[in-house]
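J.: Residue strings, one per chain:
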Amino acid sequence: DTAVSQTPKYLVTQMGNDKSIKCEQNLGHDTMYWYKQDSKKFLKIMFSYNNKELIINETVPNRFSPKSPDKAHLNLHINSLELGDSAVYFCASSPPGLYYGYTFGSGTRLTVV
Amino acid sequence: RKEVEQDPGPFNVPEGATVAFNCTYSNSASQSFFWYRQDCRKEPKLLMSVYSSGNEDGRFTAQLNRASQYISLLIRDSKLSDSATYLCVVNVNTDKLIFGTGTRLQVFP
Chain A
1 DTAVSQTPKY LVTQMGNDKS IKCEQNLGHD TMYWYKQDSK KFLKIMFSYN NKELIINETV
61 PNRFSPKSPD KAHLNLHINS LELGDSAVYF CASSPPGLYY GYTFGSGTRL TVV
Chain B
1 RKEVEQDPGP FNVPEGATVA FNCTYSNSAS QSFFWYRQDC RKEPKLLMSV YSSGNEDGRF
61 TAQLNRASQY ISLLIRDSKL SDSATYLCVV NVNTDKLIFG TGTRLQVFP
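Taken in order, these protein sequences are the chains called A and B.
Start counting the first sequence at 1; every next residue gets the next number (our numbering).
Start counting the second sequence at 1; every next residue gets the next number (our numbering).
Calculated from the structure, these hints are not laboratory results.
In this text, a Cβ means the ideal position worked out from N, Cα and C, and glycines have one as well.
No false leads were slipped in.
Label-pair distances were calculated between CB atoms; the ranges are:
#1 A:H77 to B:S52: 36 to 44 Å
#2 A:N51 to B:K42: 24 to 32 Å
#3 A:N57 to B:P14: 41 to 49 Å
#4 A:G28 to B:R76: 30 to 38 Å
#5 B:K42 to A:L98: 24 to 32 Å
#6 B:K42 to A:H73: 16 to 24 Å
#7 A:N17 to B:K42: 25 to 33 Å
#8 A:H73 to B:Y51: 32 to 40 Å
#9 A:L98 to B:K2: 15 to 23 Å
#10 B:L74 to A:Q14: 42 to 50 Å
#11 B:N22 to A:S39: 22 to 30 Å
#12 B:R76 to A:Y99: 20 to 28 Å
#13 B:G16 to A:E53: 45 to 53 Å
Lysine-lysine pairs mimicking DSS-like chemistry, simulated, CA-CA at most 27 Å apart:
#14 A:K44 to B:K42
#15 B:K96 to A:K71
#16 A:K40 to B:K45
#17 A:K41 to B:K45
#18 B:K96 to A:K44
#19 B:K96 to A:K9
#20 B:K42 to A:K22
#21 A:K67 to B:K42
#22 B:K96 to A:K36
#23 A:K44 to B:K2
#24 A:K9 to B:K42
#25 A:K36 to B:K45
#26 A:K41 to B:K79
#27 B:K42 to A:K71
#28 A:K71 to A:K9
#29 B:K96 to A:K67
#30 A:K36 to B:K2
#31 B:K45 to A:K71
#32 B:K96 to B:K42
#33 B:K42 to A:K36
#34 A:K41 to B:K96
#35 B:K42 to A:K40
#36 B:K45 to A:K22
#37 B:K42 to A:K19
#38 B:K96 to A:K19
#39 A:K41 to B:K42
#40 B:K45 to A:K9
Bound conformation, chain B alone (with noise of 0.2 Å):
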């Protein structure tokens, strides 16, 4: 089993819909974890960390479900700009992140 997987996609949707991108991880110690967004042929970047009781940044929220190991980022309102891959990311010690292989997201007019 992956140490983190996500469904590469891509997810095809108009611009204003809701998305909603999901992603497990294997290894139950796992404490920290977070979404990248990567544009095509650049580097990743952080786009928000995930905590326990869920958070929100403006059209983005992000939940935790430590019990079933799953992570989840739901992006409302879509954007034309919003069309990137994102990265689900966790840690597993104090000195690296696993990163998942990323879903694809494309918002079309």
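Isolated chain A, as found in the complex (with noise of 0.2 Å):
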């Protein structure tokens, strides 16, 4: 019973395409989240939702908008894709407060050709 899960897990596309991940948790989280975890494995994360509205927009450019039709769902998607977008995007979901940890979803690993 998998607790937040993405798909696809892996997406091979061309420069300047647009395409979609997709993100559920069934933790009953109000907050959701998506990382980026480059070659250099650095995990940053790029936004935080909280009950379906916008909390954190980390100087992301704006080809990347998330999307979050309610508190279990946030779909990430991305137009005119750069090489520069090849990486692995992390979905995560967290219960309200400091001290918990985040839930990750097994990843989304992007190649842009």
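The two chains are supplied separately, each in an independent frame; assemble them into the complex guided by the hints.
T.: The following block contains the structure:
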């Protein structure tokens, strides 16, 4: 019974295309996140949503647009893909408060060619 | 200065060894701290929270020194299955965790 699930697991696409990654959590958490892990393995937050509302948008190009139809879902749409967008994108969720860690999905490995 | 800094390693240790990882953080207002483990090509998974009084979970012990803004993780009696990257994680406000770049551990037979 997967707690945070992302699809697709792998995505290979050409420069200039538009693609989406979907994320769903069944943990009942209020807050969801998108993180990007680059080739140097650095994990950096992109967006945070709390109960469908955008809380954090970390200097991410506006080609990236998150959408949260309800608090269990947070999707990521990327327009005009560039080579530098190649990375692993992780969705995560957490309960409210400071003292709980995040639960991550298994990641989407995006390769732009 | 990076918000969370770790020695990238790798640390290569034999089975049964004790190994310690250190981490420093820059924001003195940080309130919660964690160690995560990430296996190759997998997602990060929460290993343990770090409390001011220090805490232990089996072979793993975490310590926090707020005055020095320093966190540590000690692994005793290393197993082959401990081989992974260990991420130091710090909360800087209510809405985001900041991850260090990780310390790679390789345990050999």
